[in-house]
Amino acid sequence: MNAALLPIIILLPLLGALLPVLAIRLGRTASAWSAAALSGIALGLLLTLVPQVFAGETLLYRLDWLPAYGLNLALRLDGLGVLFALLILGIGLLVILYARYYLSEHDPMGRFYGFLLLFMAAMLGVVLSENLLLMLIFWELTSLSSFLLIGYWKHRADARQGARLALTITGGGGLALLAGILLLGHISGSYELSVVLASTETIQAHPLYPATLVLILLGAFTKSAQFPFHFWLPHAMAAPTPVSAYLHSATMVKAGVFLLARLFPALAGSELWFYLVAGTGMVTLLLGAYHALFKHDLKGLLAYSTISHLGLITLLFGLGTPLGAVAGVFHIINHAIFKASLFMAAGIIDHESGTRDMRKLNGLWRYMPHTATLAMVAAASMAGVPLFNGFLSKEMFFAETLHHSWLGAWHWLLPVGATLAGVFAVAYSIRFIHDVFFNGDPIDLPRTPHEPPRYMKVPVEILVALCLLVGIFPAWTVAPLLASAAASTVNGTVGGALPHYSLAVWHGFNLPLLMSVIAIAGGALIYVLRHQLFALHARLFRPFDAKALFERQLEQIIGYARRLTALLENGSLQRYLMLLVASAVVLVASGLWGSPLSGPLPAGEVDAVTLAGALALALSAITTTLWHRRRLVALIQLSVVGLVVSIAFVRFAAPDLALTQLSVEMVTIILLMLVLYFLPQQSPAESSPLRIGRDLLLAVAAGGSVALLAWGVLTRPYQTIGDYFMANSLSGGGGSNVVNVILVDFRGFDTLGEVTVLGIAAIGIVMMLSGLQLKMPTADAAGRPWARERYPMILAVISRPLLPLALVVAIYLMLRGHNMPGGGFIAGLVTAIALILQYVASGIAWTQQRMHLDYIKLTAAGVLLAALTGLGSWAFGYPYLTSSFGHFTLPLLGEFELATAMLFDLGVFLAVIGSTLLVLANLGKLSVLKHTLKEER
Amino acid sequence: MNFEIPNFMLAMPEIFVLGMACFILILDLFLSERSRVVTYLLTQATLVGAFLLSLGLYSSARELTFSDSFVLDPMASVLKLAVYAAVFMVLLYSRRYLRERGMFRGEFFVLGLFGVLGMMVMISAHSLLTIYMGLELLSLSMYAMVAMQRDSRVAAEAAMKYFILGAMASAMLLYGMSMIYGVTGSLELGEVSAAVAGQGSQLILIFGLVFLMVGVAFKLGAVPFHMWVPDVYHGASTAVTLYISTAPKLAAFAMLMRLLVDGLGALQPQWHDILLLLAILSLGIGNVVAIAQTNIKRMLAYSGISHVGFLLLGVLSGSPEGYAAGMFYAIVYVLMGLGGFGMVILMSRAGFEADQLEDYKGLNERSPWFALMMMFLMFSMAGVPPFIGFWAKLSVLQAVVDANMVWLAAVAVLFSVIGAFYYLRLIKLMYFDGPLELSPFRPSPDVALLFSVNALAVLLIGLFPSSLMAICRQAMGL
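The listed protein sequences correspond, in order, to chains A and B. Each position in the first sequence, counted from 1, maps to that position plus 807 in the working numbering. Each position in the second sequence, counted from 1, maps to that position plus 52 in the working numbering.
Among the hints, erroneous ones may be present.
Said to hold, decoys possible - To give an idea of the chain B side of the interface with chain A (calculated C-beta under 7 Å), a few residues:
(1) 105
(2) 109
(3) 220
(4) 266
(5) 341
(6) 449
(7) 453
(8) 455
(9) 462
What the hints assert, rightly or not - Mimicking BS3-like on lysine-lysine, the simulated pairs with C-alpha atoms at most 27 Å apart in a straight line are:
(10) 1354/A x 1102/A
(11) 480/B x 961/A
(12) 1167/A x 1354/A
(13) 1664/A x 1732/A
(14) 480/B x 1354/A
(15) 1354/A x 961/A
I should point out that these hints are in silico values taken from the structure, not numbers from a laboratory. Where a beta carbon is used, it is the ideal one built from N, C-alpha and C, also for glycine.
Next up, chain A with everything else stripped away, as it sits in the complex:
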């Protein structure tokens, strides 16, 4: 029952995010109230659960969501979760109050609260998740909602850029985290924290541990602005100050260190962990503290100070010791409290004076003494002055740097570095106080400063009171919270034992105290010398703008992308084809790699005729390419290629194919000739020699690969399907010409389809040509007119007796086709060629006067006949296209077979004649008609 409150705590702000947006219609206060009420209720619910957790329970809530992928809606509340949830909701409430007075009339307040609640829900989700994948989802949601918050003042360019920068860095880190979590789940076998935290040894012994750790740390470090990803945080300061106070003190940037704390039991303790985490923490600590001193912008100072303190916490977790983790958790609390109040104070100063530049802001004590007091307390806490909360955790930190077992002889590096960072922290804290509130008079302030509205100070007062209470009476205030949070951090569960630590303010005179004294004295000294240091800093360090570097790199990436695009996608089809063919060649070549090319079959003998044929084929193919610009010559070469291929079929005992190839070749060449008529005789030279060279190489590579492939195929034994047809052709189809029997019987259905398609295509072409008018040249390129004599006498005379002869041959071919080379298809082509010859030799008008053939009807008749033959077999109760055959004797030809397949073949014959002539005659008409028209004129 109690654990069931957990989803409600998250859902309240998540679903409630719309409420302030709607409530803004009732006024700004109503909007703020609605937001505050929601977080207040959530806080109240959380508080009812706190006693249980302090008593040592870990509350779990589980709901199946996507069990197949190990994702359950599993939530968990333990000490660490309570600590963070309290910070998120508590400071959230204060920020809501503060923002009510901070935002101006022009700012859309409803949207602000909406985004804020969304962000709050996402943060709660991160800290309350039991399932790591679920946590990741909320993690990305924090990136998104913080993007919206940082970019809230979207009219400001720096806000937009800052938001984008933050989202790019943290979003990218989130994806790295995703990879890390996937690995972690892979190693430990579950995404549930209870399991993961309990399998420390498995994880750390796994070979993937380093990769996992690095990926997860990338996620944590980008979020917590650790070096070298720290640069997004100062730019996020363009956000409204309430956002900074919330995101950059208590929540968003703390998500990274939260992750370190959460996974501390599972990942920490290894050498790699120490060097990565503590090293990064140390560098960030020093870098942040140093830079903070030299910022003139109030919020810039706080931003770098935040980076530095996050580095400190990271360093503490990096030590990998239980005490280090306790100190880390404690500093998380303290930093959240004093940094939130400082941001709010800075916001008040900005709000009331109109600037955040510390070179102008001086002597504000006189104008706003109340605010100044509050800010001074908070700053003292930041500096680590005794009696303030910052001092306690800082002492623990100093003590821990002294008691670690790493680095061997160099172990003193850590305490020295820590003290140095402490010196700078004191210096910039003094600067924050002295520069702003004392140090003479203000210079050119846009507004005359005064105290802010009463309620704007209340949140700061509460936080500062907490600084003092925790600082002076730690045992009575923060102790139970710290104990339970630290226990769950160190052990993964609340119940486990914790090492002894003391929260007393006074530990006697010891080394850590000395370090604090050095830090305070050194800090004061540096502050006194600040003007010289500023000058030195300006001389030594050029202003280094990481954002500019980032932007420049983005520009560079875009530049690379552009160049890559230009290389791959220049819009040229030739380039694409080149890439396509080249990629295929590479893939084929990689397939060749490592396995023998030749198969077991011996290479056959090569006789002189075959060799000559092959050479002729190669030569004509090459010359076709070489002379491709002279179109007529290229066409003639192409026909040579076709002829040689036909002869090759004869050579390999396929007379049918040879006959077909030969007649198809003729029809094709005639077709091309008809088209050529309308084209210039030569095509322009377009390719540069370099390009031709490239294409030559590519052609050789592609051709070579295909040749190798053919070699590979032919030297291997293969099963042929020919045997089946050889065996069944005569008995099943009544013919001994296997090719023809396949066409009209075994695959008769296919042939019927093909013939139909042929007919449709022909009719389609005729339809497209109808109404088309093409201008044709009256002279060739050289200006010579065409021959006056359109139809040469000799050709016409020879062609006429050829027609009956061809018809006889066609009938002969068809009748014998079932047993010997021939068949309807070839016969049809032979007839078609003979008819075309008439058109060519004597002209269309002459031919059509004497021959009244409607080719469309002819085609249709052929297709119908073929189809009806098939239907005929139904009449006898057989499946479609079953054939039967009988033997007949004719004078002269001798005995022959008449199969129903013959009728089918007749249909094929007619359809082929019809469609071939439809296409060719109509294409021919295009030019001839125009020409005769011209002559008539």
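Following the hints, put chain B in place on chain A, whose structure we already have.
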């Protein structure tokens, strides 16, 4: 030659779509320009009818018919249902767009239906020949659809490129099929699979595989066979782009599964390597080049290429989980692609194509709602939780990690980070930049509603992804 009477029932949706397509083709000839809407409505009704038929035929069994060259299994059923739904949405999106440009003609719808038939055949194909037939039916329809805008030079150029490159790829696919046929002696995938398992990886099979992969990669648009994608997506009218970029990917995924898993499963080590190469190149080139684009259709084209890379990652892991992840990714990609190009249609109006990125500047000021919807889509494409795109990426990554290819998962994540950049850029343009035109944005209500539903689906399915994921896993027998 006799053959058994096949079980026509299994192919009822195909037969229905074929019959309706022919009927609509003829009917459209007799319709006047005013009553052309009848063609549109009938086309949509056909899709709904096919949906119901396929739904009725759904069973978890795997049945073969037509001499084992046609298969109906859960994967086929689910993918077909997705195809109908996707094309239905495409036509819904395009209606007004086509009208405004004088392209509301019967051919568009009839070609669309024939394309659907081609996809259905590809999805249910169980022989090399059936696959090829489906592929060509689909491709030829698409070539013609791209070329439909005859007066547009870019469209004509795109169609020409698409056709020539597509013909090359088809030829290579056929070449590969012939080699596989030569070695195994069969076209039917079951027999091919048995023969390949018996023979192991021999050279000719590997060559056959390589050429098959070229064809499939071309169809999917995987690098380095992707060159047509940006030019065609860009050149075609947005309605046609919407069609080409979505449903055919499902068919291509089915083709990949049929060829590689059903047919050449025994060659998994070999095709794994090729897929790996294609996937990494697609992720890399797709994501990096997308950054440089200024045209949103081209940007989405490259984004699609990178999504294909992810999809291939799922398949190459070689486990049923991986296949399910790939299928889930394919379906999710289609949903997001519909939204992405639907956005371009939503923004366009007569005389304004809205295909430049800068056309989206300041959309938030003109219409916060649609800016929000577009942001949903972009986040989903970038793989940000809790949108559906995240689950797609997650399931694929999970499969890759489970197959012990951790480095590959890391590479994929790295490229996703790069990829996030250009999606964010669009969001930045919409939210942070000033609008180029100040007139309020008034999209047509039907497209607006559809787009909103589409974008919200990306969120809602993202919140409750388990049922869709369960369907995909069930389809892969998990």
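Now the hints, each set against the structure:
no.: 1; hint: 105; in the structure: 26 Å, violated
no.: 2; hint: 109; in the structure: 26 Å, violated
no.: 3; hint: 220; in the structure: 6 Å, holds
no.: 4; hint: 266; in the structure: 5 Å, holds
no.: 5; hint: 341; in the structure: 5 Å, holds
no.: 6; hint: 449; in the structure: 6 Å, holds
no.: 7; hint: 453; in the structure: 5 Å, holds
no.: 8; hint: 455; in the structure: 10 Å, violated
no.: 9; hint: 462; in the structure: 6 Å, holds
no.: 10; hint: 1354/A x 1102/A; in the structure: 16 Å, holds
no.: 11; hint: 480/B x 961/A; in the structure: 10 Å, holds
no.: 12; hint: 1167/A x 1354/A; in the structure: 26 Å, holds
no.: 13; hint: 1664/A x 1732/A; in the structure: 19 Å, holds
no.: 14; hint: 480/B x 1354/A; in the structure: 17 Å, holds
no.: 15; hint: 1354/A x 961/A; in the structure: 18 Å, holds
In terms of the numbered hints stated before, the structure departs from hints 1, 2, 8, listed from lowest to highest.
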